[in-house]
Amino acid sequence: MQRQIIFFLLVAVLVAIFALTNSQVVSVRLFFWTYELSQALIILFSVVLGALLVGIFNVLSHFKNKGKHGVDVKELDELRIKNESLKQGIAQANHEIETLQAQVNQYMASHQTPHTP
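Quick note, the working numbering runs 1338 ahead of the 1-based positions in the sequence shown.
Since the hints were derived computationally from the structure, they do not count as laboratory data.
Straight-line alpha carbon distances no greater than 25 Å define the calculated DMTMM-like cross-link-like pairs of lysine to aspartate or glutamate that follow:
(1) K1425 with E1436
(2) K1402 with E1416
(3) K1425 with D1410
Turn these sequences into a full structure, and let the hints guide you.
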(Lines of atoms letter the chains of each structure in order from A and count residues from 1; the text may use other names and numbers.)
(Lines give C-alpha, C1' and ligand atoms only; values in the text may rest on other atoms or scores of the structure.)
Protein backbone atom coordinates (compact mmCIF):
# COMPACT_ATOMS: atom_id res chain seq x y z
CA MET A 1 0.00 0.00 0.00
CA GLN A 2 2.83 2.41 0.84
CA ARG A 3 4.51 1.61 -2.46
CA GLN A 4 1.34 2.56 -4.32
CA ILE A 5 1.10 5.88 -2.49
CA ILE A 6 4.75 6.65 -3.18
CA PHE A 7 4.30 5.67 -6.84
CA PHE A 8 1.20 7.86 -7.25
CA LEU A 9 2.90 10.81 -5.56
CA LEU A 10 5.92 10.41 -7.82
CA VAL A 11 3.70 10.31 -10.91
CA ALA A 12 1.78 13.37 -9.67
CA VAL A 13 5.01 15.32 -9.18
CA LEU A 14 6.26 14.33 -12.65
CA VAL A 15 2.96 15.32 -14.25
CA ALA A 16 2.97 18.64 -12.39
CA ILE A 17 6.54 19.38 -13.52
CA PHE A 18 5.67 18.40 -17.10
CA ALA A 19 2.53 20.54 -17.04
CA LEU A 20 4.31 23.59 -15.62
CA THR A 21 7.11 23.40 -18.18
CA ASN A 22 4.46 23.46 -20.91
CA SER A 23 2.57 26.53 -19.78
CA GLN A 24 1.96 28.16 -23.16
CA VAL A 25 -1.55 29.32 -23.94
CA VAL A 26 -3.25 27.21 -26.59
CA SER A 27 -6.60 27.30 -28.32
CA VAL A 28 -8.86 24.38 -27.49
CA ARG A 29 -11.97 23.60 -29.52
CA LEU A 30 -14.66 21.49 -27.91
CA PHE A 31 -17.67 20.92 -30.16
CA PHE A 32 -18.85 24.48 -30.94
CA TRP A 33 -16.82 26.34 -28.33
CA THR A 34 -13.28 27.61 -28.46
CA TYR A 35 -11.24 28.27 -25.34
CA GLU A 36 -7.84 29.82 -24.75
CA LEU A 37 -6.24 27.77 -21.97
CA SER A 38 -2.81 27.06 -20.58
CA GLN A 39 -1.33 23.74 -21.68
CA ALA A 40 -0.62 23.06 -18.02
CA LEU A 41 -4.33 23.18 -17.21
CA ILE A 42 -5.17 20.93 -20.13
CA ILE A 43 -2.54 18.39 -19.09
CA LEU A 44 -3.61 18.44 -15.44
CA PHE A 45 -7.30 18.21 -16.39
CA SER A 46 -6.57 15.25 -18.69
CA VAL A 47 -4.61 13.41 -16.00
CA VAL A 48 -7.30 14.03 -13.36
CA LEU A 49 -10.07 12.96 -15.75
CA GLY A 50 -8.14 9.79 -16.63
CA ALA A 51 -7.59 8.99 -12.95
CA LEU A 52 -11.29 9.51 -12.22
CA LEU A 53 -12.30 7.21 -15.07
CA VAL A 54 -9.89 4.51 -13.89
CA GLY A 55 -11.24 4.89 -10.35
CA ILE A 56 -14.85 4.59 -11.53
CA PHE A 57 -14.10 1.47 -13.56
CA ASN A 58 -12.24 -0.06 -10.60
CA VAL A 59 -15.20 0.58 -8.29
CA LEU A 60 -17.63 -0.93 -10.81
CA SER A 61 -15.36 -3.94 -11.27
CA HIS A 62 -15.08 -4.34 -7.49
CA PHE A 63 -18.86 -4.41 -7.04
CA LYS A 64 -19.24 -6.83 -9.96
CA ASN A 65 -16.64 -9.18 -8.50
CA LYS A 66 -18.08 -8.82 -4.99
CA GLY A 67 -21.43 -10.19 -6.19
CA LYS A 68 -19.66 -13.00 -8.00
CA HIS A 69 -17.66 -13.77 -4.86
CA GLY A 70 -20.89 -14.42 -2.94
CA VAL A 71 -21.94 -16.95 -5.57
CA ASP A 72 -18.51 -18.59 -5.42
CA VAL A 73 -18.70 -18.93 -1.62
CA LYS A 74 -22.14 -20.55 -1.86
CA GLU A 75 -20.91 -22.94 -4.55
CA LEU A 76 -17.83 -23.77 -2.45
CA ASP A 77 -20.02 -24.62 0.54
CA GLU A 78 -22.19 -26.88 -1.63
CA LEU A 79 -19.10 -28.63 -2.99
CA ARG A 80 -17.73 -29.16 0.52
CA ILE A 81 -21.00 -30.79 1.60
CA LYS A 82 -20.96 -32.99 -1.51
CA ASN A 83 -17.31 -33.89 -0.83
CA GLU A 84 -18.13 -34.98 2.73
CA SER A 85 -21.03 -37.07 1.44
CA LEU A 86 -18.75 -38.76 -1.08
CA LYS A 87 -16.13 -39.42 1.61
CA GLN A 88 -18.79 -41.09 3.76
CA GLY A 89 -19.87 -43.19 0.77
CA ILE A 90 -16.27 -44.28 0.19
CA ALA A 91 -15.86 -45.18 3.86
CA GLN A 92 -19.05 -47.28 3.76
CA ALA A 93 -17.91 -48.99 0.54
CA ASN A 94 -14.50 -49.77 2.07
CA HIS A 95 -16.19 -51.21 5.15
CA GLU A 96 -18.42 -53.36 2.95
CA ILE A 97 -15.39 -54.55 0.96
CA GLU A 98 -13.60 -55.54 4.17
CA THR A 99 -16.69 -57.39 5.40
CA LEU A 100 -17.05 -59.26 2.11
CA GLN A 101 -13.34 -60.05 2.04
CA ALA A 102 -13.59 -61.51 5.55
CA GLN A 103 -16.58 -63.61 4.47
CA VAL A 104 -14.68 -64.88 1.42
CA ASN A 105 -11.67 -65.76 3.57
CA GLN A 106 -13.91 -67.55 6.08
CA TYR A 107 -15.66 -69.46 3.28
CA MET A 108 -12.35 -70.44 1.70
CA ALA A 109 -10.98 -71.61 5.06
CA SER A 110 -14.05 -73.72 5.79
CA HIS A 111 -14.15 -75.38 2.36
CA GLN A 112 -10.51 -76.23 2.00
CA THR A 113 -9.76 -79.90 1.78
CA PRO A 114 -7.00 -81.12 3.99
CA HIS A 115 -3.96 -82.41 2.17
CA THR A 116 -3.06 -85.97 2.96
CA PRO A 117 0.48 -87.06 2.17
